[in-house]
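Chains as they are written, first to last, in our numbering: chain V, 1 to 234; chain E, 1 to 485.
Fair warning: there could be bad hints in the mix.
For each label pair, taking beta carbons as the anchor points, the in silico distance ranges come out as [claimed, not checked]:
(1) SER333/E x ARG189/V: 38 to 46 Å
(2) ARG12/V x ARG12/E: 30 to 38 Å
(3) ARG12/V x GLY373/E: 45 to 53 Å
Everything labelled a hint here was simulated from the structure, so no lab data went into it. Positions of the beta carbon are idealized from the N, C-alpha and C atoms, including for glycine.
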Amino acid sequence: MYKLTGVTKDYRKNRGTVTALRGVDLVIEDGEWLAIQGPTGHGKTTLLQILGGLDRPTSGTVEFDGQDLGAMRESEVTKVRAASIGFIFQTFNLVPTLSAQENVEAALVPSHPAAAQRRARAAKALTDLGLGDRLRHLPSELSGGQQQRVAIARALVKQPKVLLADEPTGNLDEGTRDEIIGLLENLWRDLGLTMVLITHDSSIARRAQRVGVMRDGKLSIKQDVRPRPKAARP
Amino acid sequence: MFFTYLRRELRRRMRQAIFIASGLAVGIGLVITVTALSAGVKNAQGTVLHSLYGVGTDVTVTKAPSAQTGRPSFGFRGATGTGTRPAAGTKIDIDTLGNFSLGTLSSASVTSVSGLHDVAAAAGGLTLTDTKITGKIPAINTSGGGGGGGFRGAFTPTSFSVAGVDISQGELGPLSSGKLASGRTFTAADASANVAVVDSDYAKQEKLKVGSKVTIAKTSFTVVGIVSEPAGASSSDVYVPLARAQALAGLNGKVNTIYVAAASASDISAVSKEISTAMPAATVTNSSDLASEVTGSLANTSSLANNLGRWLAIAVLAAAFLLASLLTMSAVSRRVREFGTLKALGWQSRRVIRQVMGESLVIGVAGGIVGVGLGYLGATLVSRLSPTLSASVGPTTGSATPGGARTFSGGNFGGGRASGAPGGGFGRFAANAGHTVAVHLTAPVTLAAIAVALALAIGGGLIAGIFGGWRAARLRPAAALAKVE
């Protein structure tokens with residue numbers, strides 16, 4: 001799925017340069033769940049953004065299904081993102097003026113399905129996540145857990161190959177956290193997703209197959225701690 | 001999705017949207033009002049020029065008066081005790097028709113002008129003044145000073161203007177802008193007849209009607225028609241056939257105004273030049289020259305509308321555009337994370353830009369529609385509240401007199417047609433009478449103005465959208481997502 005070779009990322013800040021990633025080498029197999037931990041400001045989110053094509057490496061290559069994301073034009077990377085990559089954010093990042101269903105529909109807009117089909121798919125995705133009765137609710141009318149479930153539905157409605165989650169439970173209470181992680185784990189297993197999840201929570205990281213630790217822009221991977229899922233991608 | 005998102009977003013920031021739209025609306029409203037006012041002023045100027053100039057006449061040719069012209073002589077002026085002074089008690093009954101304001105041109109000049117290239121027709125005319133003085137020569141007290149006052153008060157001077165009309169060129173000349181109110185106008189058979197057409201105002205003042213008699217230079221003329229001139233037009237009081245006017249004024253073979261029609265409107269300037277070349281001593285005037293000489297509150301309003309109004313509208317519109325652009329960019333800045341998320345979902349930059357521009361465009365259109373309403377309101381208020389404006393053609397220097405506009409006005413000759421004019425004074429009716437026309441100003445809103453205003457509003461929305469879209473397009477999704485709200 002992913003093959004990162006010598007990826008570095010420098011940011012210009014004021015008059016200096018900050019190096020967020022330092023020669024990261026990483027291979028992520030199809031259907032793998034990789035958890036990444038590490039202190040704040042040590043490059044976890046930068047790595048996730050480079051995996052998602054939201055940012056480009058300063059040097060090194062990021063291959064996704066054999067394509068070098070760093071060498072592709074922005075519009076092409078956007079197409080890859082629209083078709084194959086789902087994002088979940090710590091702060092949910094729902095569009096506040098759109099209802100739950102419309103937020104999910106927004107993820108389908110780039111693939112141009114008919115409006116009726118788009119609405120139906122969004123409604124099904126939300127219903128599958130237990131939000132069938134909240135389709136027309138605005139984000140502000142939903143709880144944190146419900147908002148994150150809307151965000152998960154939005155990430156998965158286009159049936160991506162990869163799910164990239166940046167501290168998806170960071171803003172949730174303990175009960176909701178377990179509920180969301182349980183949901184993600186089931187989806188990973190049932191849908192055969194490749195999942196990269198950033199978390200500060202070791203109990204969540206332990207549920208992944210592999211755990212990587214980012215420190216000072218360098219990534220160290222612990223070997224498999226869990227067997228790979230048996231369920232194939234539908 | 002586009003419209004749903006657009007509608008929801010505008011609803012979310014309704015106050016700001018209303019604020020931006022209001023700014024655009026005020027700008028657009030001002031543009032429409034000022035444009036309507038300008039159009040109204042132009043119409044008013046057209047009315048004035050039409051009144052002063054006459055229909056069908058494109059160019060007039062006149063000549064500055066000679067030293068003898070402009071001050072009438074009645075044959076008895078002189079110092080007390082001279083031999084020319086009639087004896088005290090002598091009855092005076094003078095009625096002369098004279099050319100006091102313009103120099104004369106030969107009738108052959110009319111033929112010359114009509115033969116010029118680009119000239120469709122030319123007609124000669126005479127603009128004259130009939131002056132009547134009646135009374136008795138008073139006894140002069142030679143021992144006391146200031147006897148002139150007693151002499152002057154012994155007479156009753158009256159005057160009215162008389163125009164000689166070239167009947168063979170009915171479409172041109174001093175009668176061209178008049179409308180027949182009763183009776184008939186001249187026919188070819190009237191060329192040498194003692195018949196007259198009288199201006200309706202003068203007819204009312206003198207209680208004349210068709211069939212009445214009017215005396216010109218002690219010659220009785222039968223009134224065959226009453227004409228009314230456009231509001232404020234500088235009509236003559238009485239119109240007679242040119243040949244009769246020439247004979248009575250002792251100006252056989254002479255005219256003092258040549259009325260010229262150009263072959264087309266675009267030829268007017270060329271015709272003016274041709275005539276100036278052919279007749280270097282003559283004064284050639286066309287409507288543009290006359291327009292530049294129009295003064296008074298109409299000219300002030302024109303200046304106000306064209307300068308202050310236009311710049312005010314441009315300033316307000318520019319401020320509205322700037323405000324709309326800044327607020328749109330500000331709104332985009334506040335939605336950085338939102339747009340970053342949409343880009344992360346796979347929305348291309350152009351789709352995000354389209355969304356931002358769509359929102360701005362709707363605000364612009366809303367502002368434009370409200371602005372058109374405001375513009376209508378402003379134009380209506382201008383039409384209803386504006387006072388009647390006046391326009392004046394400056395005092396004559398004895399030069400151009402289009403359509404007789406600057407001919408000597410009888411009122412200045414004490415007790416003539418214009419009531420309340422300074423009385424008495426033979427020397428007062430020099431050729432320096434100006435002409436003032438009162439015009440009610442309207443502010444017509446044209447479809448073209450509305451179209452331009454709406455285009456401006458949409459343009460304003462697009463400009464704001466371009467700035468906002470440019471801001472949105474420059475967002476890197478990673479940076480956008482990293483931004484903490």
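Hint check results:
no., hint, result
1, SER333/E x ARG189/V: 38 to 46 Å, "41 Å, holds"
2, ARG12/V x ARG12/E: 30 to 38 Å, "34 Å, holds"
3, ARG12/V x GLY373/E: 45 to 53 Å, "51 Å, holds"
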